[in-house]
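Let the hints inform the model, and build the full structure from the sequences given.
Per numbering that gives the first Met the number 0, the sequence shown starts with residue 0, numbered consecutively.
Read the hints as simulated data drawn from the structure, not as lab findings.
Beta carbons are placed, not taken as given, at the ideal position from N, Cα and C, and that holds for glycine.
Mixed in with the good hints, there may be bad ones.
To be verified - Pair ranges (Cβ atoms, derived):
hint	residue 1	residue 2	range
1	Leu236	Thr281	32 to 38 Å
2	Gln162	Tyr313	55 to 61 Å
3	Tyr372	Phe322	53 to 59 Å
4	Ala218	Phe322	45 to 51 Å
5	Ala232	Asp122	29 to 35 Å
What the hints assert, rightly or not - Calculated pairs, DSS-like style, for lysine-lysine (alpha carbon to alpha carbon, straight line, at most 27 Å):
hint	residue 1	residue 2
6	Lys374	Lys93
7	Lys377	Lys126
8	Lys254	Lys210
9	Lys87	Lys210
10	Lys91	Lys377
11	Lys377	Lys160
12	Lys154	Lys210
13	Lys154	Lys363
14	Lys247	Lys93
15	Lys363	Lys377
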Amino acid sequence: MSASVRRSERESGIELLKIIAMVLIVLNHLIQSLTEVNLNMPFSDYVLDINSSTTNITNLLLAILRISGCLGNDIFVVCSAWFFLNSKGSSKKKTVFLIINIWAVSILMFAITYLCGCDLDRDETLKQFFPTSNANNWFLTCYILFYLLHPFLNKIIYGLKKQTLLITTFTLVMLYSLINFFRPWFFNGNLFYMTDLVVWIMIYFVVAYMKLYAIDAAASIRINVISLIIGLAGQALCTCAINLMGLKWDMFNGKLLYFNYGGSPFVILTALAALNLVRHMTFRSRFINYISGLSLLVYLIHENVIIAWQYRPYIFIYIYQHFGYSHIILWLFAVLIAYFVASVIAAFIYRQTVERLVRLVSDKVYLWLKALYGKIEKGLMKIH
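This is the structure in structure tokens:
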């Protein structure tokens, strides 16, 4: 049975959640274009400051919504972890396909923009030709590493007793979620060598303990609704609190996004609660499952470096010049709908055309790499 058929026959609750996660990620990237200065643009008057403490409700709301990207990413991680925990290994063939597919999308976007007359500097051009190693789309580079690591994580997890797994999970949460979240503002950077991949591994252990041992709590609608409310409200209140502190004390000003990161305990709690709630949804929709299957392509296309930095800010420049920002929140969600739909359509077209060729090429590359590795391994095994 093909992977596409297996996906189409999945329960659609988790697949719907993954679509919501992608919408949240797109929302975050649009807010980035609206609120971050871009030197490629002719001017920066259109940019809204959501780092500084403010009495402007719109700016504060945008700062709160800025967590949407971290939440979307964490939802993807917990959904993937839920399935990976049942996996017996990673597919090397799938990994090769992912890497080549990422490269193909990157080169295609580069070719289109180059033919349209976009002037790219050397660094931007190199990023398009080496998208995975340069983390052109950091999420996908991290996802590939996470995917390759998960069989080894499973061996560790299933080899631990309940108490040991609890201690391990608790330690990881303390180090990479709680302590880093509440670290003093004068610490530059993260503590304990925290990276996105380390945070994902920490989340993997949390999902593992929940799936293996916290079964009743994970299945409780009441507990998960309360957890969802606490997660969303807690994250928003932290932003509001530091905003008020910044208005009163200068040392806290400019740190409105201080609590925005994927390891936030409130963000993780929200993602876990959302996963547990949608698991109660027992329905199948081929349409939802298919759109969910386009998620990685949607990510690749909508957040390509060229699109994100060379073109997307012009959307808000146009709104700023022709309509002003009195209703910018409404404009933001209108752009979100249009941008997401356009990205899905582009992903669908790519899947039905270019990706078919990419799959044929990746199959041949995989066989070549497999044969090459076999020779290398054979030679290394002879060394005494």
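Cross-check of the supplied hints:
1. Checked against the hint of 32 to 38 Å, the pair Leu236 and Thr281 passes, with Cβ atoms roughly 34 Å apart.
2. Between Gln162 and Tyr313 the CB atoms are about 56 Å apart, so this pair conforms to the stated range of 55 to 61 Å.
3. Distance hint check for Tyr372 and Phe322: the Cβ-Cβ separation is about 57 Å, which falls inside the suggested range of 53 to 59 Å.
4. For Ala218 and Phe322, the hinted distance range of 45 to 51 Å is satisfied, since their beta carbons lie about 48 Å from each other.
5. Roughly 41 Å separates the CB atoms of Ala232 and Asp122, a value that falls outside the hinted 29 to 35 Å.
6. Between Lys374 and Lys93 the alpha-carbon distance is near 21 Å, which keeps this suggested pair within the 27 Å criterion.
7. With a CA separation close to 35 Å, the supplied pair Lys377 and Lys126 exceeds the 27 Å bound.
8. Note on Lys254 and Lys210: the hinted pairing is violated, with a Cα-Cα distance of about 36 Å set against a maximum of 27 Å.
9. Of the pairs offered as hints, the one joining Lys87 and Lys210 holds, with about 16 Å between alpha carbons and a cut-off of 27 Å not exceeded.
10. A distance of roughly 19 Å separates the Cα atoms of Lys91 and Lys377; the hinted pair therefore holds under the 27 Å criterion.
11. Taking the CA atoms of Lys377 and Lys160, the gap is near 37 Å; set against the 27 Å cutoff, the hint is violated.
12. About 15 Å separates the Cα atoms of Lys154 and Lys210, which keeps this hinted pair within 27 Å; it holds.
13. Of the pairs offered as hints, the one joining Lys154 and Lys363 is violated, with about 31 Å between alpha carbons and a cut-off of 27 Å exceeded.
14. For the hint linking Lys247 to Lys93, the alpha-carbon distance of about 53 Å lies beyond 27 Å, and the restraint is violated.
15. At most 27 Å may separate the alpha-carbon atoms for a hinted pair to count; Lys363 and Lys377 meet this at roughly 21 Å.
The structure fails hints 5, 7, 8, 11, 13 and 14 (numbered hints given earlier, in ascending order).
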